[in-house]
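Asker: If you read the protein sequences in the order shown, they are chains S and A.
FYI, UniProt numbering numbers position 49 of the first sequence as 49, with every residue one higher than the one before it.
FYI, UniProt numbering numbers position 218 of the second sequence as 218, with every residue one higher than the one before it.
These are computed hints drawn from the structure, not numbers from a lab.
Note that the structure is a prediction, hence the values are computed from the model and not measured.
Treat the hints loosely; a few may be bogus.
Any copy will do: because identical chains look the same in the list, a pair fits if it lies in one copy or spans two.
Here are the simulated lysine-lysine pairs, DSBU-like style, with alpha carbons at most 35 Å apart [to be verified]:
| id | residue 1 | residue 2 |
| --- | --- | --- |
| 1 | Lys146 | Lys174 |
| 2 | Lys146 | Lys171 |
| 3 | Lys146 | Lys102 |
| 4 | Lys102 | Lys171 |
| 5 | Lys174 | Lys102 |
There are 2 protein chains.
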Amino acid sequence: MRTAYQEQLSSLTVQLSEMCGLAGVAMERATQALLQADLALAEQVISEQDRLGEIRVRAEEAAFMLLALQGPVAGDLRAIVSGIQIIADIDRMGALALHVAKIARRRHPQHALPEEVNGYFAEMGRVAVDLAHSAREVLDTLDPEKARQIRDEDDAMDDLHRHLFSVLMDKDWKHGVTAAVDVTLLSRFYERFADHAVEISRRVIFTATGELPEDNLAEPQ
Amino acid sequence: MRTAYQEQLSSLTVQLSEMCGLAGVAMERATQALLQADLALAEQVISEQDRLGEIRVRAEEAAFMLLALQGPVAGDLRAIVSGIQIIADIDRMGALALHVAKIARRRHPQHALPEEVNGYFAEMGRVAVDLAHSAREVLDTLDPEKARQIRDEDDAMDDLHRHLFSVLMDKDWKHGVTAAVDVTLLSRFYERFADHAVEISRRVIFTATGELPEDNLAEPQ
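Please model the complete structure; the sequences and the hints are all you need to start from.
Answerer: Listed below in structure tokens is the structure:
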């Protein structure tokens, strides 16, 4: 029979997983809104942001109560401490999806992106959403092997980010400064979203093994 | 007489304060490196980054051991949980200072910034360093009143950020796309640095009062 303590711990895990799912859906929709200049979808991402914040508050309270009342040790303590850190990462992922949606809304009815770079963002969106799915799977399974693969997926994002910057810096860039500023910020948002997924995977590896992998993210600009 | 427990808790506080001090110094030097195109100073910021990482590892271990061995409750538990979150915020502040230094290094011997926007960045640098000082003071004193003032200081950063973007988006921008990209990223780095200082102040208010102020940062783009 499960104790109340085990119930609480597993409820924290479910909240993290749910948050990660919401962040992934938000980024998926924000990317569609950006690529299609779809105002309704952008508004949906923006209005649904509160839900992530509500779960965040509940998850932080749950983690706090587990620490206060249960005196967890070893693997359980690692899970809760990692959970507190992961909550902040997922919250940022949601905020970054929100930023993407806000740029789509600000430029509507125009497209924020010059057509030349649409393909990059379609691909960055795909990788970001895949990373959110993978991070959620890792949270659900606590599988350190799967967690280690997330870093490789993130390499694809870094490559896209670098290529995009070479397009942007090329003297043939014909789309003006406003588009360049939007593309710069958007690219940064996708890249940071991916970094947070990697950070979640590091924390899960710590939970599962007691060893925190080195934080050697080579963040491109 | 102080117990070993109190010693450990106060040592965690000292580590947070030290980290915050290092992040502030890093941003001060990175800003100088940027404004003066000072390669040696940029290299110094980059090479000293590891020190922040080392303290981070020790501080996280200290927080974990306090939770594992001491079963803290109430205010002490809040201090430790907040400490874990604050460590991540300060770590990002250091990373953002590092990004500024790296842009200064990449553009050397040129200046990364067109002279027209130097004043904005001198001011953003000043506000960022002030915020790091204030955050450190708040960490040292746990004074919720002082912590609340940090949000007002951050408003100055948001104003600078917005003004700078209007300069950038103006059709009279004559400095090309590469400079626009650098200015966009740099401005974002300063603004995020300030946001993390605000986040530290929220966590200190929670530690001191048990109430977490609303997370209503209006992040400009």
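Asker: Taking the hints in turn, state whether each one holds.
Answerer: Tested hints:
{"no.": "1", "hint": "Lys146 x Lys174", "verdict": "neither (42 Å within a copy, 48 Å between copies)"}
{"no.": "2", "hint": "Lys146 x Lys171", "verdict": "neither (41 Å within a copy, 49 Å between copies)"}
{"no.": "3", "hint": "Lys146 x Lys102", "verdict": "both (33 Å within a copy, 32 Å between copies)"}
{"no.": "4", "hint": "Lys102 x Lys171", "verdict": "both (28 Å within a copy, 23 Å between copies)"}
{"no.": "5", "hint": "Lys174 x Lys102", "verdict": "both (24 Å within a copy, 27 Å between copies)"}
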